[in-house]
Amino acid sequence: MSDAFDQLPDDEVTAAEFALGVLAGAERSAAQSRVAREPAFAAMVVAWEERLSPWAAEIAEVAPSPAVWDRIASALPASPTQKQGLWQSLAFWRGLTLATGALAAACVGALIYLGNAPQPAPLFAAIDGGGHHHFVATVDTARGSIAVVPAAFAADATRVPELWLIPADGKPRPLGILRADRAVTITIPPALVPHATSNAVLAVSLEPQGGSPTGQPTGPVIATGKLTLL
Amino acid sequence: MDIDANRSLIAAALARIPGGDRAALQTVYRLTSAKLFGVALRILGERSEAEDVLQEVFVTIWRKAGDFDAGRASPMTWLIAITRNRAIDRLRASKRSRRMDPIDDAVEIADSAPLADDAMEMGEDNARLHGCLDGLAGDERTALRGAFFDGNTYEDLAQRASVPLGTMKSRIRRAMMKLKICLETEPTT
Numbered sequence: 001m002s003d004a005f006d007q008l009p010d011d012e013v014t015a016a017e018f019a020l021g022v023l024a025g026a027e028r029s030a031a032q033s034r035v036a037r038e039p040a041f042a043a044m045v046v047a048w049e050e051r052l053s054p055w056a057a058e059i060a061e062v063a064p065s066p067a068v069w070d071r072i073a074s075a076l077p078a079s080p081t082q083k084q085g086l087w088q089s090l091a092f093w094r095g096l097t098l099a100t101g102a103l104a105a106a107c108v109g110a111l112i113y114l115g116n117a118p119q120p121a122p123l124f125a126a127i128d129g130g131g132h133h134h135f136v137a138t139v140d141t142a143r144g145s146i147a148v149v150p151a152a153f154a155a156d157a158t159r160v161p162e163l164w165l166i167p168a169d170g171k172p173r174p175l176g177i178l179r180a181d182r183a184v185t186i187t188i189p190p191a192l193v194p195h196a197t198s199n200a201v202l203a204v205s206l207e208p209q210g211g212s213p214t215g216q217p218t219g220p221v222i223a224t225g226k227l228t229l230l
Numbered sequence: 001m002d003i004d005a006n007r008s009l010i011a012a013a014l015a016r017i018p019g020g021d022r023a024a025l026q027t028v029y030r031l032t033s034a035k036l037f038g039v040a041l042r043i044l045g046e047r048s049e050a051e052d053v054l055q056e057v058f059v060t061i062w063r064k065a066g067d068f069d070a071g072r073a074s075p076m077t078w079l080i081a082i083t084r085n086r087a088i089d090r091l092r093a094s095k096r097s098r099r100m101d102p103i104d105d106a107v108e109i110a111d112s113a114p115l116a117d118d119a120m121e122m123g124e125d126n127a128r129l130h131g132c133l134d135g136l137a138g139d140e141r142t143a144l145r146g147a148f149f150d151g152n153t154y155e156d157l158a159q160r161a162s163v164p165l166g167t168m169k170s171r172i173r174r175a176m177m178k179l180k181i182c183l184e185t186e187p188t189t
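Line by line, the protein sequences are chains A and B.
What the first sequence shows, in this note's numbering, is residues 1 to 230, in sequence order.
What the second sequence shows, in this note's numbering, is residues 1 to 189, in sequence order.
Hints listed in this document are in silico derivations from the structure and should not be mistaken for laboratory results.
The C-beta atom is built at its ideal place from N, Cα and C for all residues, glycine as well.
Relax, there's no trap hidden among the hints.
Taking lysine-lysine pairs in the DSSO-like style, the calculated list, with each CA pair at most 30 Å apart, reads: (1) B/180 / B/169; (2) A/171 / A/226; (3) B/64 / A/171; (4) B/180 / A/171; (5) B/64 / B/180.
Every beta carbon over 10 Å from chain B, so not counted as near; a handful from chain A, in silico: (6) 11; (7) 33; (8) 124; (9) 129; (10) 157; (11) 197; (12) 228.
All chains, please: the whole structure from these sequences, using the hints.
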């Protein structure tokens, strides 16, 4: 085994030592700055953290004093740094929703017609919350579009329903604004199409008019549904 | 806490933090603070210091949640790594020698079986890790435990085991290599 270890690159040894926590002083500082600067090294450290972290299940949970949360809340800066990309852009989503909304009925019709086509199989989700269907969604994986029909969704005077795709990594991605009074067809961003698979989750949250200003759900999630093969 | 059941809740809450959602940070705190405080307390040994670390950890989470990549690491791994790193930095800065118990006592405490509810919560990953740890020599396992749970440095571990520093470095590196090979190749038992 020691021979095998000697064959490992020094980087991997250092990543393992840093993740385990045995380094001190200048060696630890050097490893910390490499984590910040070198993605490949950081990935090796993460892989080691992933290997070791199940061990923490052995550590007993201990409740901190209630005052700690208050200290944290008062120490927070006003807002974390935000990363805004195209897919988080409100203007982009507004435009997309308007453009696709006009075509909704025709697209739903086309989807139903294409349901007879052999490949690829469309995905379906009943987006449920509080014991009833709010929306029914059908994903056309070939065209990279999603059609969402309101079922028992009741409109809110001040907030709009926004649709999110939550793939296996658990991170919600905005898909667009839904309507309570008619079907909406949304083009899935090309980068998200590979994530629109069976077992991915669709969620609907209530957001301010125009959609979430942050690119992440800000209001309550009122309904969710898992995509399944039709 | 059932870590697996809460995993998607924690990930979803982390994803809301970059938008400035304080309630999301509080959700993460509610779901994880007892575990993370336990981790920090184990390394630092004093509640007041561990609470300072917990505060630093959650301010870090607030600032850095946008960096969390659910495709690369599980949320608990990410949170535990931040906590261990903050606690170890504080331990190193304090220059105090903690956990310098004689090695025989340490073995007895360290190798005690996990509690039953912890064992149930461990899941497959932990069963695999434990299976692989069982394959290590006793002195290798003890050295890894001293580092992971107590935040010991190479120097601390060498002193505890009364061996030269170079011997301890070889021991740890050999143990980590065995662990990696085992985790990559052994089927789940």
